[in-house]
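All chains, please: the whole structure from these sequences, using the hints.
There are 4 protein chains.
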Amino acid sequence: MKLFVRLFVVLVAVGLLAMTVAKPTRIVFFGDSITQAGVKPGGYIDKLKSMLPSDQYELIGAGIGGNKIYDLFLRMDEDVIAQKPDVVVIWVGVNDVWHKATSGTGTDPDKFVRFYEAVVKKLQAANIRVVLCTPAAIGEKTDMTNQQDGDLNQYSQFIRTIAKQYNLPLVDLRKAFLDYNLKNNPENKDRGVLTTDRVHLNDAGNLFVAEQMQKVLTATK
Amino acid sequence: MKLFVRLFVVLVAVGLLAMTVAKPTRIVFFGDSITQAGVKPGGYIDKLKSMLPSDQYELIGAGIGGNKIYDLFLRMDEDVIAQKPDVVVIWVGVNDVWHKATSGTGTDPDKFVRFYEAVVKKLQAANIRVVLCTPAAIGEKTDMTNQQDGDLNQYSQFIRTIAKQYNLPLVDLRKAFLDYNLKNNPENKDRGVLTTDRVHLNDAGNLFVAEQMQKVLTATK
Amino acid sequence: MKLFVRLFVVLVAVGLLAMTVAKPTRIVFFGDSITQAGVKPGGYIDKLKSMLPSDQYELIGAGIGGNKIYDLFLRMDEDVIAQKPDVVVIWVGVNDVWHKATSGTGTDPDKFVRFYEAVVKKLQAANIRVVLCTPAAIGEKTDMTNQQDGDLNQYSQFIRTIAKQYNLPLVDLRKAFLDYNLKNNPENKDRGVLTTDRVHLNDAGNLFVAEQMQKVLTATK
Amino acid sequence: MKLFVRLFVVLVAVGLLAMTVAKPTRIVFFGDSITQAGVKPGGYIDKLKSMLPSDQYELIGAGIGGNKIYDLFLRMDEDVIAQKPDVVVIWVGVNDVWHKATSGTGTDPDKFVRFYEAVVKKLQAANIRVVLCTPAAIGEKTDMTNQQDGDLNQYSQFIRTIAKQYNLPLVDLRKAFLDYNLKNNPENKDRGVLTTDRVHLNDAGNLFVAEQMQKVLTATK
Numbered sequence: 001m002k003l004f005v006r007l008f009v010v011l012v013a014v015g016l017l018a019m020t021v022a023k024p025t026r027i028v029f030f031g032d033s034i035t036q037a038g039v040k041p042g043g044y045i046d047k048l049k050s051m052l053p054s055d056q057y058e059l060i061g062a063g064i065g066g067n068k069i070y071d072l073f074l075r076m077d078e079d080v081i082a083q084k085p086d087v088v089v090i091w092v093g094v095n096d097v098w099h100k101a102t103s104g105t106g107t108d109p110d111k112f113v114r115f116y117e118a119v120v121k122k123l124q125a126a127n128i129r130v131v132l133c134t135p136a137a138i139g140e141k142t143d144m145t146n147q148q149d150g151d152l153n154q155y156s157q158f159i160r161t162i163a164k165q166y167n168l169p170l171v172d173l174r175k176a177f178l179d180y181n182l183k184n185n186p187e188n189k190d191r192g193v194l195t196t197d198r199v200h201l202n203d204a205g206n207l208f209v210a211e212q213m214q215k216v217l218t219a220t221k
Numbered sequence: 001m002k003l004f005v006r007l008f009v010v011l012v013a014v015g016l017l018a019m020t021v022a023k024p025t026r027i028v029f030f031g032d033s034i035t036q037a038g039v040k041p042g043g044y045i046d047k048l049k050s051m052l053p054s055d056q057y058e059l060i061g062a063g064i065g066g067n068k069i070y071d072l073f074l075r076m077d078e079d080v081i082a083q084k085p086d087v088v089v090i091w092v093g094v095n096d097v098w099h100k101a102t103s104g105t106g107t108d109p110d111k112f113v114r115f116y117e118a119v120v121k122k123l124q125a126a127n128i129r130v131v132l133c134t135p136a137a138i139g140e141k142t143d144m145t146n147q148q149d150g151d152l153n154q155y156s157q158f159i160r161t162i163a164k165q166y167n168l169p170l171v172d173l174r175k176a177f178l179d180y181n182l183k184n185n186p187e188n189k190d191r192g193v194l195t196t197d198r199v200h201l202n203d204a205g206n207l208f209v210a211e212q213m214q215k216v217l218t219a220t221k
Numbered sequence: 001m002k003l004f005v006r007l008f009v010v011l012v013a014v015g016l017l018a019m020t021v022a023k024p025t026r027i028v029f030f031g032d033s034i035t036q037a038g039v040k041p042g043g044y045i046d047k048l049k050s051m052l053p054s055d056q057y058e059l060i061g062a063g064i065g066g067n068k069i070y071d072l073f074l075r076m077d078e079d080v081i082a083q084k085p086d087v088v089v090i091w092v093g094v095n096d097v098w099h100k101a102t103s104g105t106g107t108d109p110d111k112f113v114r115f116y117e118a119v120v121k122k123l124q125a126a127n128i129r130v131v132l133c134t135p136a137a138i139g140e141k142t143d144m145t146n147q148q149d150g151d152l153n154q155y156s157q158f159i160r161t162i163a164k165q166y167n168l169p170l171v172d173l174r175k176a177f178l179d180y181n182l183k184n185n186p187e188n189k190d191r192g193v194l195t196t197d198r199v200h201l202n203d204a205g206n207l208f209v210a211e212q213m214q215k216v217l218t219a220t221k
Numbered sequence: 001m002k003l004f005v006r007l008f009v010v011l012v013a014v015g016l017l018a019m020t021v022a023k024p025t026r027i028v029f030f031g032d033s034i035t036q037a038g039v040k041p042g043g044y045i046d047k048l049k050s051m052l053p054s055d056q057y058e059l060i061g062a063g064i065g066g067n068k069i070y071d072l073f074l075r076m077d078e079d080v081i082a083q084k085p086d087v088v089v090i091w092v093g094v095n096d097v098w099h100k101a102t103s104g105t106g107t108d109p110d111k112f113v114r115f116y117e118a119v120v121k122k123l124q125a126a127n128i129r130v131v132l133c134t135p136a137a138i139g140e141k142t143d144m145t146n147q148q149d150g151d152l153n154q155y156s157q158f159i160r161t162i163a164k165q166y167n168l169p170l171v172d173l174r175k176a177f178l179d180y181n182l183k184n185n186p187e188n189k190d191r192g193v194l195t196t197d198r199v200h201l202n203d204a205g206n207l208f209v210a211e212q213m214q215k216v217l218t219a220t221k
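Chains as they are written, first to last, in this note's numbering: chain A, 1 to 221; chain B, 1 to 221; chain C, 1 to 221; chain D, 1 to 221.
In case anyone wonders, no lab produced these hints; they're calculated from the structure. There are no misleading hints in this set.
Below, computed lysine-lysine pairings styled on DSBU-like, alpha-carbon distance capped at 35 Å:
| hint | chain 1 | residue 1 | chain 2 | residue 2 |
| --- | --- | --- | --- | --- |
| 1 | C | K111 | D | K121 |
| 2 | D | K189 | B | K164 |
| 3 | C | K164 | A | K175 |
| 4 | C | K164 | D | K111 |
Below is the structure:
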């Protein structure tokens, strides 16, 4: 009997251990062209993979160029929820603002909030933990003279408010990029510090974003 | 004989009762500012009420100014499906095109189709018969020099294609307005024929739309 | 002696007369709807009239609603130079930025500078002293979340640069408005502090602009 | 005497020779990226060179990508009048319309006409013969569903009106392209018939434009 009890204890312990080391946390990065590029070698998701223990994290990119918040809404079932992630990192907003100028099809402020909340609620209803990010930059000038600075600040503010309302972790890339540029961009350049073209990440940018995300993701786990 | 007479009387009474309490067809008009104005005295829905037997039709307006297809999508549960209509008439598209120029927040062509189909499918899933309309006009000039003519033709074409694919009745107001203007607008005026301001209906416009809808609705019943 | 005294008296009298009838400085305010409203009772030009000695200054409004820098260029001969002013105050820029969003017809940054310099040079060639102003505001929020803040900052920067290059007096209304709001708009409202509607001046705004202009104009005389 | 006669004969011969080799008609093509590409091998200006006698015509390209009518106005002194042309062919308008959607900096309809007339008048004042062209296409679909069709028709109409008012030769490329496509684009494709990308000319397009211009230019000489 004693032996049997001991064996049972051991088996339970092993089982618990197995459960502990079991399935890694599956994280889907849900966004636009910046995230689409993020899975490439040297991209921010690729860098994150080497910064997080691979037995504990599985990182999946779900970025499509040109996506706005309502694109995420339209494709979230197939591209995100179907993957049964534990965590979804939403990083969107640049195109919602930018497309106002480049194609006349940006997103109304109130509709941005409506769809953003709809995406969050639907993920939460599927028992997925949600991490929010503010859009980083359309231009890196530090004196608030990038054309879309005002609008990008406004949409970032919307996301910060949603993060508070829903009590969600936030990677405030807008603030982080501005702070970084205030220190590292004394010539007030519009690109070349963290971006190649005012929007998409250069090598320093990919590393910087990976670091910002790592902090929040490890705290979120 | 007496029994037979009594039975007959009862049957007739039941029949009349059935006819009397027969639920009228409930139609919700789902759209933008044009439909919002349509329920006012003299508006196209108001005119339709006097053109259709009131015991057979119940007409309800669900128009909100500035609405685009994705606004309809966002509010369809509360504003339309909750009303348990038999028929929904969707009339939208002007703002999806116009807002490109007036606020930079028009709707991408492919996203217009995506949301339009999502609205149709959700209504059909609720066993609601769906009637489509093309956007009538942004400017009444007949020589195809209204600024948005090309884009409005394109979005109308999308709606015609959806009507075919889903086998839905179509009130082709775009075509009807153009045909009407070709006959009745020899001076190539941009307003004042069927609209007050290039978009919203004047008295003739409200009557014209009511007539176009009547034809399709009575055939759809 | 008597003759000498008499002669002296006559000379002094003639001198005083000459001073009395000395032509007042003629100032034309050249701009958009804000300046168009500025000549109305209570408008900033109207207020300036009561703040400057009327025998020394003649103030003329030349504002037209919706004007951008190239509108000023197109109408400067007829509306400004023909009036033979001593000083021209150029206050433009809001529509060059705003119309990008509201009609798709804003002004390219480089073209804004080209036309602005062309206007300045043409006025200087006519021996007119030129005073520049930066565009004040499209929205009074103080946290840089007004949609056009970035672009308006950029165009203001262009004007500051031109002022330096051409050594021209500058009424930096953009900076003045922001400073004023930082002190007097603790609720971060988008209107109602110096404007009625985010752009056009309320009573406090008209007074504030008049004061800012007075300082520079009296120094410029 | 004989010597004198001989001398006379020689002088007359030299004179005739001089007349024969008389200065060729110098034509400047003034426009946007389509004209910038027109001077390349196979471009429409290059093709025109081989279609017109080289001793009678000198063809010069003055196209710059992205140019709108007010860009032409700003650079006409240096780039066109300084070349002392006999004829200037103005071909502009695509960007005045297109930039409304792609950067929010298209040209207002009334301002388009103002600057267009200013360019024409300034060329005429320099004794230069002016030939006008309508903008050909932004999209080749034949059913008036190209996004900018309405606006492009409107601006083409402005140019036709100016041509009439100033009695100037017109190469109506808008009409010519549409007619050509109605015959040769049965599949309603948006590019690939006369353009590579809906706007810029393919080989057939360059030839077609050269032919249309040849007709008018030889008649204009």
